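Chemist: Please construct the entire structure, taking both the sequences and the accompanying hints into account.
Take a look at the letters that make up each chain.
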Amino acid sequence: MRKEFSTYIEKIATQQKDIVFITGDLGYNALENLADAMGNRFINAGVAEQNMIGVAAGMAYKGYKVICYSIAPFVVYRCLEQVRNDVCFHNLPVYIVGNGGGYGYGIMGSSHHCIEDIACFSGLPNMKCYVPAFVEDLDACLTDMFDRKKPAYLRLGLGKNRPEFLLPTPFGAASKLSAGSGLTIVAQSPVANNIFAALAGDSNQHCVDLFIVDHMPFTTLPDTLAQSIQNSGNVLVIEEHIATGGLGQALSTLIHTASLPVHRFVHLFAAGYPDGLYGSQSFHQQVSRLDENSISQTINSFFQPL
Amino acid sequence: MVLSEKEHINLQGNLRLKILRLHHSAGSGHIGCSLSCIDIMISILRYKDAQDSFILSKGHAATALYSILNELGDIPNEDMSTFYKNSTTLPAHPAPGKYAAIPFATGSLGHGLPIASGIATANKLSGSAAISYVLMSDGETNEGTTWEAAHFAVANKLDNLLVIIDKNGLQGFGNTIDILGDTAAVALWQTIGFDVATADGHNVNNLIDVRNSLLATHNGKPKVIIANTIKGKGVSYMENKMEWHYLPMNGSQYTEAVDGIKTKYNL
Numbered sequence: 015m016r017k018e019f020s021t022y023i024e025k026i027a028t029q030q031k032d033i034v035f036i037t038g039d040l041g042y043n044a045l046e047n048l049a050d051a052m053g054n055r056f057i058n059a060g061v062a063e064q065n066m067i068g069v070a071a072g073m074a075y076k077g078y079k080v081i082c083y084s085i086a087p088f089v090v091y092r093c094l095e096q097v098r099n100d101v102c103f104h105n106l107p108v109y110i111v112g113n114g115g116g117y118g119y120g121i122m123g124s125s126h127h128c129i130e131d132i133a134c135f136s137g138l139p140n141m142k143c144y145v146p147a148f149v150e151d152l153d154a155c156l157t158d159m160f161d162r163k164k165p166a167y168l169r170l171g172l173g174k175n176r177p178e179f180l181l182p183t184p185f186g187a188a189s190k191l192s193a194g195s196g197l198t199i200v201a202q203s204p205v206a207n208n209i210f211a212a213l214a215g216d217s218n219q220h221c222v223d224l225f226i227v228d229h230m231p232f233t234t235l236p237d238t239l240a241q242s243i244q245n246s247g248n249v250l251v252i253e254e255h256i257a258t259g260g261l262g263q264a265l266s267t268l269i270h271t272a273s274l275p276v277h278r279f280v281h282l283f284a285a286g287y288p289d290g291l292y293g294s295q296s297f298h299q300q301v302s303r304l305d306e307n308s309i310s311q312t313i314n315s316f317f318q319p320l
Numbered sequence: 007m008v009l010s011e012k013e014h015i016n017l018q019g020n021l022r023l024k025i026l027r028l029h030h031s032a033g034s035g036h037i038g039c040s041l042s043c044i045d046i047m048i049s050i051l052r053y054k055d056a057q058d059s060f061i062l063s064k065g066h067a068a069t070a071l072y073s074i075l076n077e078l079g080d081i082p083n084e085d086m087s088t089f090y091k092n093s094t095t096l097p098a099h100p101a102p103g104k105y106a107a108i109p110f111a112t113g114s115l116g117h118g119l120p121i122a123s124g125i126a127t128a129n130k131l132s133g134s135a136a137i138s139y140v141l142m143s144d145g146e147t148n149e150g151t152t153w154e155a156a157h158f159a160v161a162n163k164l165d166n167l168l169v170i171i172d173k174n175g176l177q178g179f180g181n182t183i184d185i186l187g188d189t190a191a192v193a194l195w196q197t198i199g200f201d202v203a204t205a206d207g208h209n210v211n212n213l214i215d216v217r218n219s220l221l222a223t224h225n226g227k228p229k230v231i232i233a234n235t236i237k238g239k240g241v242s243y244m245e246n247k248m249e250w251h252y253l254p255m256n257g258s259q260y261t262e263a264v265d266g267i268k269t270k271y272n273l
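Chains as they are written, first to last, in this note's numbering: chain C, 15 to 320; chain P, 7 to 273.
Just so you know, the hints here were simulated from the structure itself, not pulled from any lab data.
This structure is a prediction, so every number in the text was calculated from the model and none was measured.
Built from N, CA and C at the ideal position, the CB exists for glycine as well.
Accuracy of the hints is not assured; some may be wrong.
As the list claims (entries may be wrong) - To give an idea of the chain C side of the interface with chain P (calculated C-beta under 7 Å), a few residues: (1) A62; (2) G68; (3) G72; (4) M73; (5) F103.
Modeler: Right, here's the structure in full:
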């Protein structure tokens, strides 16, 4: 999604002179267009992420909308206190953009993975996290982010196009993507693409309701999702994020609060590094049972006679 | 107009009494830290332009900030009486979004310089002549963000940034020199590329002169005043004593402190 992201920013920053872009010394072969287009509003703050966030807070206080860009883990964990104290407490328009969320950086290893970002950020005051699943959803996330003018985090992942068979949906808390009645699947991030691969050609696909939640915190259960859960009584949550502090826990709370009857609730999430072994993003998805085959098996298990 | 030395001493004494009253009524600590930097705050806050910004990075000196802002009319008296109590807008460390004169909540060290550098960057970008001031403690220069921000300020030629370091030589659990060494040394800041000046941190007229001299030089270099101070300045039994970072005063200690200030500052 990085190319689409920089294209969007180039366009909007050309129109809006109060937008500043700060990179933590990353963006080779991806952000050169922004450096050219934005001139002195494009700042390389060096390999110093904590300072980058503080600088962004100071600039936002003076009226600028400031994007802070880095590889996701570097801009989440390293500067969590700066994000909380300097940005969120003051409700400033600082937009933190982390590339390669989840296991996106694959074989680069655990230092480059970001599977606890939503847990870290989504509870901070005034913060909204955006986790687009498809390239087509990025524009809506960015538009909402700039319109909102408040602290934000955007997790960029490997961009894939929205499958043609999906229902078109506007940006929302839980976009319904297809319709069924036997199982409600709620997913977040580009890992959702593995669901579609799992469903393609699956005889159960017409029995499945699919929802994508592309921003966090997830605090309100949309009527369509509540209705789907009411009808199916079966819930499958899929996210490339640890179980703690992510979509699954948020949805579980909402279901209990609404007293919805759920027969079965299955949560597929980033398992971390259970065997201490490392590999590609697909490898880690497989270990976490987030790959196409595992998801297919999990879906089928809902339709097996007990 | 700049006050005379005598008028400054009067103000320095009265603000000390105000600080002591706050701490005594609250039974709170961090007294030595406020007495250490109140004179620096006078030199900046009483004389800065309206467009300039000031960040108290050593947020534990909040009573010094509250006292001078109250003196300047930025914090009303009725708020001052709520200091440290439930439902206050004046907790032990400055809160966010309550007073225009306190643009940032601080209290965790190492945040002020990056923020002030961002303000200075924004001022440059927008063509504003405003100065970005930040007051730090010397212990705070242990923080890695100090050095991230210092290099950033030099690289971005932020000569509209003025850092003041309250160098009292004490930090949380010992002498700064014994812990990580002198991270507020003149040579360090010079090597990085700052315009460095030292000052007597308890002589307001001296602080103003040094500030004016630094800001008159538009050479693309950020500025720092390393202000030599005494923790607990003005209260004999607190001076240079680490424990007065933490301790509250009992009744007799308060009386002794007030009497001492009145004598020393001719009140």
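Chemist: All hints are to be evaluated individually against the structure, with a verdict given for each.
Modeler: Verification of the supplied hints:
1. For A62 (chain C), the interface hint holds, the least distance from its beta-carbon to any beta-carbon of chain P being 4 Å, beneath 7 Å.
2. Interface restraint check: G68 (chain C) against chain P, minimum CB-CB distance 2 Å, threshold 7 Å, status holds.
3. Because the beta carbon of G72 (chain C) sits about 2 Å from the nearest beta carbon in chain P, less than 7 Å, this interface hint is met.
4. A cut of 7 Å between beta carbons decides the hint on M73 (chain C): the least distance to chain P is about 4 Å, and the hint holds.
5. Satisfaction of the interface hint for F103 (chain C) is found here, the shortest Cβ-Cβ separation to chain P being roughly 4 Å, below the 7 Å cut-off.
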